[in-house]
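With chain A fixed as given, assemble chains B and C onto it according to the hints.
Residue numbers (the working numbering), protein chains in the order written: chain A, 1 to 277; chain B, 1001 to 1329; chain C, 2001 to 2332.
I should point out that these hints are in silico values taken from the structure, not numbers from a laboratory. Nothing here was measured: the structure is a model prediction, and the numbers come from that model. Every residue gets a Cβ at the ideal spot worked out from N, C-alpha and C, and that includes glycine. Just so you know, not all the hints are guaranteed correct.
[What the hints assert, rightly or not] Some chain A residues flagged as far from chain C (calculated, every beta-carbon gap over 10 angstroms):
| id | residue |
| --- | --- |
| 1 | 9 |
| 2 | 49 |
| 3 | 52 |
| 4 | 84 |
| 5 | 192 |
| 6 | 232 |
[As the list claims (entries may be wrong)] Restricting the straight-line Cα-Cα distance to at most 20 angstroms, the calculated cross-link-like pairs of lysine to aspartate or glutamate (EDC-like) are:
| id | chain 1 | residue 1 | chain 2 | residue 2 |
| --- | --- | --- | --- | --- |
| 7 | C | 2226 | A | 218 |
| 8 | B | 1012 | C | 2241 |
| 9 | C | 2235 | B | 1082 |
| 10 | B | 1049 | C | 2227 |
| 11 | B | 1049 | B | 1006 |
| 12 | C | 2144 | A | 266 |
| 13 | B | 1204 | B | 1185 |
| 14 | B | 1119 | C | 2241 |
| 15 | B | 1204 | B | 1032 |
| 16 | B | 1049 | C | 2229 |
| 17 | C | 2235 | B | 1120 |
| 18 | B | 1086 | C | 2241 |
| 19 | B | 1049 | C | 2228 |
| 20 | B | 1076 | B | 1032 |
| 21 | B | 1204 | B | 1069 |
| 22 | C | 2235 | B | 1083 |
[Stated by the list, open to error] Not everything, but these chain C residues come out facing chain A in the computed CB check (under 8 angstroms):
| id | residue |
| --- | --- |
| 23 | 2020 |
| 24 | 2152 |
| 25 | 2163 |
| 26 | 2191 |
| 27 | 2269 |
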Amino acid sequence: MPKSNNRIRIGLFVLAVFLIIGGILPFFSPYDPRSWNVVPRNLQPSAEHLFGTNNLGQDTFWLLTAAVRNSLLIGLVVAAFATIIGVMAGLTAGFLGGIPDRVITLIMDVFIVVPSLPILILMASLLQGRASIWMICLVLILFNWPWPARQVRSIALSMREREFINTARFSGSSTFKIITREILPYLFAWALANFVNTVLVAIATESGLAVIGLSSAEQTTLGSMIYWALQHQALLGARWWWIGTPVVAIVFLFVGLFLVTTGVSELSAERRGQQYA
Amino acid sequence: MLKLTDLRAYYKTPKGEIQAVDGVSFDIRENEILGIAGESGCGKSTLLKLLYGYLQPPLRIVSGSFEAEMQGDGGKVRLGIEDLRKHWWKFISYVPQGSMSVLNPVVRIENQFFDAVPKDYEIQDRTIIRDRVAGYLKELELPVEVLKAYPHQLSGGMKQRILVALGTFLHPEIVLADEPTTALDVVVQKGILLMLTELQKRMKNTLVIVSHDLGVHYQVTHRLAIMYAGKIVELGPTEAIFSRPLHPYTQMLIQALPRVGDQSVRSGISGRPPSLLRPPEGCRFAARCPFVMDRCRTIEPAFVEIEPDHFVACHLHDADIALSKGAAL
Amino acid sequence: MHFVRFLASRLITYVLVIWIGVTIVFFVPRFLPSDPVEAMLGRVMSQGAYMQPEQVEAMRSTLTQAFGLEGTLFEQYLGFMQRIFLNGNFGPSLAMFPTPVNELIGRALPWTVGLLLNSTLIAWLVGNVVGLLVGYRPNRRLSKLLETIAIFVYPIPYYISALILIILFVHVTKIFPLSFNVRGAPGSFEWIGSAIYNSILPALSIVLVGFGWWVLSMKALSSGLKEEDFVYFAKLKGVSEGGIMRRYVLRNAMLPQITFLALQIGTIFNGALIAEILFGYPGLGTLTQTAVLQSDYNLLMGTITISIVAVATATLLVDILYPLFDPRVQHK
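Chain A extracted, bound-state conformation (with noise of 0.2 angstroms):
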């Protein structure tokens, strides 16, 4: 029982300091994120410049805000309508059943199977770097639906089925209550969990695409860091701060995030395993 709390707590810690981080500090940026040459180039990190400075005159640490923003942003905006739209087909195609069901599973069938990279790709190298970045969010809202939409499918069909269902209707309580007191709150915590992984897996796959050089060029992103690093030789020129700290950036951050989608899975577990023990 402890174990999932101190997850979600420790998960949550490491969020709210990338929150800090992408949230409220880009505000009290001095620099611009996007230009160039507005500090001396390759410093070691000093007080003054906290991660130092790289190769095309930015400063590490301040760019590393704006790119955490963005990512952020991105991870959001994308989790926050791939939830939505996918609670609300993984129900529609739970409850109805018969041939919206089976269409529907067909289509989510589709886009989890479907890598989503090399749709990205495609895209994005026809638009040669013109891409915005709510076009790439669209594709990744796109492909993500499936996933919160499978899990909750499973449980509205679940549900349908389920013995404490008919027990409550037989006892007399209004399909309202039924929703609202057994199913909701079971709901919520996978659509909790569900929406913080959704997070991860858009941030990743945003990265991913900017790492190669395909994502929007207008926004700096935590993939986009790596992939300038990389283009300007930060790993022969051994700057390891300049690529070092977008790396070691998402790694903190994606194992935030995994801690609290677990964190929050385990621990609605947990509580089912206690409700019903």
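Just chains B and C now, with coordinates in the frame of chain A:
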């Protein structure tokens, strides 16, 4: 064959010790069917685990003695409770409730049999074992094709029969059956009971049946033990218990049984068994007993033989004890 | 009979998924404000010498035809489908004219398949075994350590682990080569050894992350399974611990693990694609990158389509594995 003397076994939990089996003394004899009856939570499942020698933490023996005697190669062999494990399935076996999913769902039935063969059994060759099992199934009038089937393909009744076959195919001296008829419909129940009694008659071994259903005990057992809140409150030949029940709890259980032709309203027993975490002083049935006396609440009644081989733990019979003691003097 | 129905429904889904996926691939360029012909023309003209207007026109019509962009949308669609499914032909590559795209893909695909197959297999095997042990004895210190490692490794995307490995083993400690460089004649032992040596880091990046997945999911499964009634009964029968772990817990855990694997194939592929690019590994990933950089429309369409078909096929194969492990689907 098995002898328990004042055995106490408790579960250690964070909340304290659950005194599941609290001072139980009786013996299990050769060539008999012994029943253990009681409500859920009275400790009969734990008692069964003890009889089987399945001691897993947090269950532990606090005090008392446990002796077993097995037919070895050169004569009778004495065993302690820890030794039973080595002789599982050959000396003593366990038939669990069929309502639980005790069969591995991804494995064929014949493999469930192979699993049960002890490592030191003379025969390890699977083909020979399979033939033996097939032959045994035929004796029991079970279809041999069942061996190649998977558990989900069997009906509830068939599964229970297989579990009985599984528990007896090595002809053990003691067979422990845990609620063998629960969750089965009445017709199937009869079949299972018939199967068990036939086997016992044929093998002349001992069958211990645990069930909350007194009707089952009435039909098949030779001796019967009534358990309540971790203690045995009455023990004796089944016929004696049903015609002359000595303990109020036994009387109430029997009265609750439906009888053909009897139109009167059946009454359940009000109240609930006491918590085994902090059992009350004195007789544990005192709270629900219609004949409760003052001393029942403070002094625990002793487990005494009132008639030949008929024991009871109840203050109502203190007079008889005194009488018989007096007579002996 | 159950099995046949299962197989049939899977096959139908497979065909539909590929069809819809390829249709998406077809429509993406046509819905975007892009014109591959103009793009190519622009490149050619900026690179080379001046061309007469007639030459430009001639080139434009050749390109339009080569890209399959002639005619109405419907005609193009039919032509596209026909070319791919009936002829299996993606046309000539422009970056490496006149090598047909098929040949380039044919050269790259085995590398990708080899890498993915091997690394996924290794990660699966090691991860499942470790996960089983960790789930069975969760309180040992080693178990907790392994679990923590898995938690840390699980959410890392492949390209990040690839980058970390590159930083550590190529630059900081110069153990592995900078770029993918296989020596020796193809097929010779030297070649095989060199290929394996160069593939170690790419494979490792996938194995490390995959390991995390399997350990954690297996751990959850095995710690749940060991509470089951049939495990309890197995203990009563006197089955050894090893026997219980193998025949009872593992066999039953395989079922959801296979399902999980089928769902992950898309993600594994995504990550592997980028890792390949980072390592310069001669598989589909680098080929796709070449297509992108050179605006090679045909090659791009080819690699993307093959990616989709490959992933769909892999998913189908794994899906079919499932009934082999679950008798409830095979026998009714």
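Margin query: Tell me the numbers of any earlier hints that the structure contravenes, in ascending order.
Written below: 7, 8, 13 and 26
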